[in-house]
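Each chain is listed here by its residues.
There are 2 protein chains.
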Amino acid sequence: MFNPRPIAFVRSPHQDTNDVPKGLGAKHTAEGVLEIQPEFAAGLADIEGFSHLYVLWEFDRASGYELTAHPPSDDRPHGVFATRSPQRPNPIGLTVVELLRRDGAKLYVRGLDMLDGTPILDIKPYLSNVPEEKLRRGWLAEAEARKR
Amino acid sequence: MFNPRPIAFVRSPHQDTNDVPKGLGAKHTAEGVLEIQPEFAAGLADIEGFSHLYVLWEFDRASGYELTAHPPSDDRPHGVFATRSPQRPNPIGLTVVELLRRDGAKLYVRGLDMLDGTPILDIKPYLSNVPEEKLRRGWLAEAEARKR
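These protein sequence lines map, in sequence, to chains H and W.
The opening position of the first sequence corresponds to residue 4 in our numbering, with each subsequent residue numbered one higher.
The opening position of the second sequence corresponds to residue 4 in our numbering, with each subsequent residue numbered one higher.
One or more of the hints may lead you astray.
Which copy is meant is left open, so a pair is good if it fits within one copy or across any two.
[What the hints assert, rightly or not] Distance condition first, Cα-Cα at most 27 Å in a straight line; then the derived BS3-like pairs of lysine-lysine:
no.: 1; residue 1: 109; residue 2: 150
no.: 2; residue 1: 137; residue 2: 109
no.: 3; residue 1: 25; residue 2: 137
no.: 4; residue 1: 30; residue 2: 137
It is worth saying that the hints were derived from the structure and are not from the lab.
As the structure is a computational prediction, the values presented were derived from the model and not from experiment.
Construct the entire structure; sequences and hints are all you get.
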């Protein structure tokens with residue numbers, strides 16, 4: 004397969020995994036900057052027209068993987084592919100951020116759940132969504148219901 | 004960075020990039036199967052509760068990258084990170100599919116835009132969406148407006 008390389012790095016207020024809101028109802032409102040490497044900056048042309056972006060990044064401080072995950076949002080284990088656990092066979096994270104503004108090769112964004120210094124693999128425009136009435140949220144909806 | 008490995012492969016009716024609907028208004032309704040490798044199948048536990056999944060995959064038949072992309076949905080070029088172009092610095096694709104049913108290590112899904120045999124890097128539950136009234140779609144909305 005391909006050899007991943009960082010196209011950018013995250014500047015985030017989160018220095019430690021304990022700083023990142025977790026569990027049921029966690030809100031990610033942290034603001035920060037995606038600093039694109041100079042050699043890839045030309046790839047940002049016209050990105051400022053999008054309100055939201057997908058950010059693909061590496062869980063660079065996770066080690067190894069577990070097929071059974073114990074997410075902080077539930078007291079029951081679930082398969083890793085049914086969770087956002089960092090300990091995945093390919094340690095890739097996915098976050099939707101709101102693009103606040105662009106300044107050259109810097110994207111100012113809201114909604115970070117990554118640690119400071121996290122390497123970014125890719126940025127894509129967020130285009131579509133699934134209508135709420137068609138969405139089922141599996142064990143997470145059940146865990147929420149049990150907490151009520 | 005990490006060394007990517009395929010956790011699954013796509014069985015898709017699309018044998019060739021020409022088979023995949025492209026351009027403005029393209030709808031992805033193709034059905035197929037995500038075949039998870041036996042050693043990762045335990046990671047699927049409880050996935051059947053989710054109606055939609057994120058699939059991260061490798062553009063394994065793309066070669067090289069271009070920072071300026073020429074998407075089929077517009078007659079104007081845009082930065083690669085403002086498009087879904089396959090020719091990206093890290094050739095990772097992202098698709099939201101609808102999970103129809105699970106049969107052991109096989110996930111039957113709708114909404115494939117990948118070619119048959121595409122290697123899959125990761126599967127995650129699709130949980131949230133951005134409210135339509137908060138979403139701006141940049142050059143794509145402009146290209147649609149020009150076509151009207």
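Measure nothing new, just compare the shortest in-copy and cross-copy C-alpha distances for residue 137 and residue 109 to 27 Å and report within, between, both or neither.
-> Between. Shortest inter-copy distance 22 Å satisfies the 27 Å Cα cut-off; intra-copy 36 Å does not.
Intra- versus inter-copy proximity for residue 137 and residue 30 (alpha-carbon distance at most 27 Å) | So residue 30 and residue 137 pass the 27 Å test inside a copy (23 Å) and across (17 Å) alike.
With identical chains treated as interchangeable, where does the CA-CA distance between residue 25 and residue 137 reach 27 Å or less: within a copy, between copies, both, or neither?
-> Answer is both; intra-copy 25 Å and inter-copy 24 Å each pass.
Which holds for residue 109 with residue 150 at a C-alpha limit of 27 Å: within a copy, between copies, both or neither?
-> neither (40 Å within a copy, 32 Å between copies)
The structure fails to meet hint 1 from the earlier list, while all remaining hints are met.
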